[in-house]
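Participant: With chain B fixed as given, assemble chains A and Y onto it according to the hints.
Here are the chains, one letter per residue:
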Amino acid sequence: MTTGVGVPWVEPDAIAPAATGMLARTQRTLRRDPAALFGSFVLFVFLLTAALAPWLAPNAEQGRGATDVGARELAPSWAHLFGTDHLGRDMLSRVIFGARPALLVAVAVVLLAVLVGVPLGMVAGFRGGRIDELLMRITDLFLSFPPLLLAMVITAVLGPSLIHASLALAVSWWPWYARLARGVTQSLRQAPFIDAARVFGVREPIILLRHILRNATTPILVQATVDAGTVILAIGSLSFLGLAAQPPTPDWGLMVANGRTSVVTEWWIATFPGLAIFLTTLGLNLLGDAMRDILDPRSAT
Amino acid sequence: MSALLSVDDLRLDFVRDGRVASHALRGIDLELGRGEAMGIVGETGCGKTLTGLSVIRMLPTNATATGRIVFDGRDVLTLPERELRSIRGARISMVFQSPATSFNPVFPIGRQLQHVLERHMGMRRKESARRVAEVLGEVELPDPERTMGFYPHELSGGMLQRAMIAMAILCRPSLLIADEPTTALDVTLAEQILRLLRSLQRKHGFSVLFISHDLDLVGDFCDRVAVLYAGRVIESGPATELLVRPFHPYTRALLQALPRHAEPGTPLPAVSGSVPSGLEDPVGCAFAPRCPLVVPECAVRPPLAEVLPGRKVACYRWEVET
Amino acid sequence: MLHWIGRRLLSSIVTLFAITTITFVLARVIPSDPAAVYIGPLARPAEIARVTKQLGLDRSVPVQYLAYMRDLFKGDWGSSLATKEPVLGGIMHRLPATLELILSAMTIAVLVGVPLGVLAARMTGRPIDVVVRIGSVVGISMPIFWLGLLMQAFLSGKLGLVPPTSRLDLTTSVLNPIPHHTGFNLIDAAIAGRWATLGDAAKHLVLPALTLAAYPTGLVARMTRASMLDVLNQDYIRTARTFGLRERRILWQLALRNAFAPTLTVIGLSFAYLLTGTFFVELVYDWPGIGQFATNALLNVDYPVIMGITLFGAIGFLSINLVVDLLQARLDPRVRLR
Chain B
1 MTTGVGVPWV EPDAIAPAAT GMLARTQRTL RRDPAALFGS FVLFVFLLTA ALAPWLAPNA
61 EQGRGATDVG ARELAPSWAH LFGTDHLGRD MLSRVIFGAR PALLVAVAVV LLAVLVGVPL
121 GMVAGFRGGR IDELLMRITD LFLSFPPLLL AMVITAVLGP SLIHASLALA VSWWPWYARL
181 ARGVTQSLRQ APFIDAARVF GVREPIILLR HILRNATTPI LVQATVDAGT VILAIGSLSF
241 LGLAAQPPTP DWGLMVANGR TSVVTEWWIA TFPGLAIFLT TLGLNLLGDA MRDILDPRSA
301 T
Chain A
302 MSALLSVDDL RLDFVRDGRV ASHALRGIDL ELGRGEAMGI VGETGCGKTL TGLSVIRMLP
362 TNATATGRIV FDGRDVLTLP ERELRSIRGA RISMVFQSPA TSFNPVFPIG RQLQHVLERH
422 MGMRRKESAR RVAEVLGEVE LPDPERTMGF YPHELSGGML QRAMIAMAIL CRPSLLIADE
482 PTTALDVTLA EQILRLLRSL QRKHGFSVLF ISHDLDLVGD FCDRVAVLYA GRVIESGPAT
542 ELLVRPFHPY TRALLQALPR HAEPGTPLPA VSGSVPSGLE DPVGCAFAPR CPLVVPECAV
602 RPPLAEVLPG RKVACYRWEV ET
Chain Y
624 MLHWIGRRLL SSIVTLFAIT TITFVLARVI PSDPAAVYIG PLARPAEIAR VTKQLGLDRS
684 VPVQYLAYMR DLFKGDWGSS LATKEPVLGG IMHRLPATLE LILSAMTIAV LVGVPLGVLA
744 ARMTGRPIDV VVRIGSVVGI SMPIFWLGLL MQAFLSGKLG LVPPTSRLDL TTSVLNPIPH
804 HTGFNLIDAA IAGRWATLGD AAKHLVLPAL TLAAYPTGLV ARMTRASMLD VLNQDYIRTA
864 RTFGLRERRI LWQLALRNAF APTLTVIGLS FAYLLTGTFF VELVYDWPGI GQFATNALLN
924 VDYPVIMGIT LFGAIGFLSI NLVVDLLQAR LDPRVRLR
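These protein sequence lines map, in sequence, to chains B, A and Y.
When the letters of the first sequence are read in order and numbered with the numbering used here, they come out as residues 1 to 301.
When the letters of the second sequence are read in order and numbered with the numbering used here, they come out as residues 302 to 623.
When the letters of the third sequence are read in order and numbered with the numbering used here, they come out as residues 624 to 961.
Isolated chain B (complex conformation) (with noise of 0.2 Å):
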């Protein structure tokens, strides 16, 4: 007997089609790939400790910003399994109550920038003509910055803070939902249900809610949850700087910066808070791809 040899091609007619529901390859994608169910966990973890905070962190108070200065720099132990920060605050409350400002700044960000940036993209999709060339160019613009550089000086401008960086990173990310939704809907506008709808004197507005949104709501989807844990990384990186977040925030890119002189002897002020930003961002990160998959089957692999 013979198996083929990396010829990873196969005739189209050859393969019976299975029976692939969306729910099927979900739980096919869940079962065979380990990074998927990685994916889902981490959210799950994060959205139940954001929500439950006060209830999970073992000193909520401390988890606020309470300081306790006669246990300072403390290392891990039973008492404080992630140690104690500079003012004696215990860091795992620290670290559990900075998934809330985490979550609350991703789902900020990328509504934000979905709310300005779909609408306009779709108009300018559907329309097509002056509007889409002078929106294409104000992307463009925008996007020709390096990432981040526009969201930092926009937050310097502004002044430092949690809702100024915020605003500053909605500003520069509009642009990537904008040109999203412009692609969908240009592929869609000459579709013949969209012609069909037209004929039967469906108004403009009706046929872009109804007909084009549904439709790019999956590519959008998977964008916001790449983009939900690339926020909470760009965040964690302005509060590193000290343009974000401001103390007591329980920010965790603002704790990394807090260990960061010390990070030699007091190892765990910078790891743990990092540690959370990373594994979010990675859970995140896993979870997108796997949607990609699960919705688009032809980019399975």
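Since the hints were derived computationally from the structure, they do not count as laboratory data.
We put the CB at the ideal spot given by N, CA and C, even for glycine.
Treat the hints with care, as some may be off.
What the hints assert, rightly or not - Sample of chain Y residues facing chain A (criterion: CB under 7 Å; computed from the structure): (1) Y688; (2) D858; (3) Y859; (4) T862; (5) G867; (6) L868; (7) R880; (8) N881; (9) Q951; (10) R953; (11) D955; (12) P956.
Claimed, not checked - Here are a few chain A residues that sit away from chain Y, every Cβ distance over 12 Å (derived from the structure): (13) E332; (14) R386; (15) P409; (16) A434; (17) V488; (18) A554; (19) Y617.
Facilitator: Frame of chain B, contents of chains A and Y only:
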């Protein structure tokens, strides 16, 4: 003289999730002599392309093949990969259906042909370039030296197919597999390509496995023809005889569907019904559900039997005239 | 070809103008009182009046814009409020240190990411593919500042393998300074034939470069894998295999050439990422480059420096895109037609 290629009970299954998802070839038997041209005919999905690819063991990763494919005394299916590679392109070569996608878009045509020579003949760059130019001239491409420098997108389909043929005969193979070599070309170009192939065959004496869905074309070009249906050979014989007097009802239906047999003013007859899917495994004759001559015996599959000298057919009712 | 380059250059210039407009708006229009911003929180009214006049803020916005553009063209990008150092000079002076870092990181990313991506694509589903896939996502999910701190703490602090900060040992830079040719320590030391110094510079460079390389390595591996998978399914690869070409040649010389175009795009994007990524690395490793200049300016609201670096970054990104497009055209003969 022994056959150059003999295929014996070749079966090919596609596997998915550890189970057989479809039977693509269900036991192919073929024999090809030296210098002979054999046509393999059938509808889309009957397995003719896979048969051709199996001969050089270019199988998809999710396929498993059993049976024997003996080329020049050695079984291709059990040959070590290394030896197989030195046969591919040197002793057995292939011409594909779509010349436009079969060449790499980012290398000049000449370089791609040189790669083959450098691989199999161990030639140096200069030497291989000279030889490539020579063979490009042999396939009647104008100004070979210049053509070598062109990228695939700068040449027409017909020119590309000539270049592909040049690539196929570079190392003087003993077998050339032509998989629908003219399907992507228009009629006059197709004629020219066929004429070229024939004259090259006459000159160099290689055997040809000519895969096509077009009976007329195969009849023109080949000495012998094998008709495939649902992964099996259902009839084979000398082209001249088989096309004049087909035995199998399926071959007859195919011939009648050719435009040249049509009565002017009447619609072209079509073979009604459709090919069984790859998963079904009919016990009887696979053509029975579509066959006008079906009888109860057809529930047991008829073997491919030599009914007249050189003529084989897998049908109980081959003698029935229609 | 020339025509195409010309059009591409022209559109870059248009974008550049638009970018200067944005920096102008950010610097002069958004702040309610730019002069006060320029001087800082302790500004006295008299001083504000003087700066208002000096910056031409009493004139109309279009006139200000023209003046701003004229100064930019003359190479007068203003001076740092904190140190009075001219902005453009400051950037140029720090550029070699940053470039040394970015180019090293990019070299690592390409030398590691491309082969890994190719191997993963060839071995889909096998252990190496799984490792590359997960590794590449880890790379792009890594908070660079955190990675830097950890490497610094463990590899340098705990194990003492390499020095934790700066570009050279103090003793080297004070007692045995490298003659300045290019500003790249590695090159300058090599030119001068000072091998000990070269080793010292290399040792200092290792950690920052590795840290900065994490993200682009992941991105490059990911993209190479994806586009290789696509290419390996193409008819022309089947042709190559049908003609018995060696797998090594098919993979590394043929398919990689086809797959490299998308990878090149990603390399361009990575450069853009590195332009800001270096801010964090330079902060963590105390690397005296543009990044440190930038972070200090951002925290002190040192307007002229912030705007100068923004503009410089955008110009850098624009030039990289231009180069990538040109290489793209070199790589794929079909692109030239457009």
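Participant: Take the hints in turn and mark each one as holding or not.
Facilitator: Consistency of the hints with the structure:
1. Interface hint at Y688(Y): violated, since its Cβ lies 46 Å from the closest Cβ of chain A, which is beyond the 7 Å cut-off.
2. At its closest, the beta carbon of D858(Y) sits 4 Å from a beta carbon of chain A; the interface hint therefore holds under the 7 Å criterion.
3. Checking Y859(Y) against chain A: minimum C-beta separation of about 4 Å stays under 7 Å; hint holds.
4. Below 7 Å, beta-carbon pairs count as interface contacts, and T862(Y) has one with chain A at about 5 Å; its hint therefore holds.
5. The interface hint given for G867(Y) holds, since its Cβ lies 3 Å from the closest Cβ of chain A, which is under the 7 Å cut-off.
6. The interface hint given for L868(Y) is met, as the beta carbon of that residue sits about 5 Å from the closest beta carbon of chain A, less than 7 Å.
7. For the restraint placing R880(Y) at the interface with chain A, the shortest Cβ-Cβ distance is roughly 6 Å, inside the 7 Å limit, so the hint holds.
8. Of the supplied interface hints, the one on N881(Y) holds, with its beta-carbon coming within about 6 Å of a beta-carbon of chain A, less than 7 Å.
9. For Q951(Y), the suggested interface contact is broken, since its CB lies about 11 Å from the closest CB of chain A, more than 7 Å.
10. With 7 Å as the threshold, the beta carbon of R953(Y) stays out of range of chain A, its nearest partner Cβ sitting at about 10 Å, so the hint is violated.
11. Checking D955(Y) against chain A by beta carbon gives a least distance of about 6 Å; that is within 7 Å, so the hint holds.
12. Annotation: P956(Y) was flagged as interfacial toward chain A, and the flag holds, the nearest CB pair being 4 Å apart, inside 7 Å.
13. For E332(A), the shortest C-beta to C-beta distance to chain Y comes to about 23 Å, beyond the 12 Å cut-off, and the non-interface label holds.
14. Its closest Cβ contact with chain Y, about 5 Å, brings R386(A) to no more than 12 Å, contrary to its assignment away from the interface.
15. A beta-carbon of chain Y comes within 12 Å of the beta-carbon of P409(A); the shortest separation is about 8 Å.
16. Listed as a non-interface residue, A434(A) keeps its Cβ farther than 12 Å from every Cβ of chain Y; the least gap is roughly 18 Å.
17. For V488(A), the requirement that its beta carbon stay farther than 12 Å from each beta carbon of chain Y is met, with the minimum near 24 Å.
18. For A554(A), the requirement that its beta carbon stay farther than 12 Å from each beta carbon of chain Y is met, with the minimum near 32 Å.
19. A cut-off of 12 Å between C-beta atoms confirms that Y617(A) is not in contact with chain Y; the least separation is 40 Å.
Consistency with the previously given hints fails for numbers 1, 9, 10, 14 and 15, ordered from lowest to highest.
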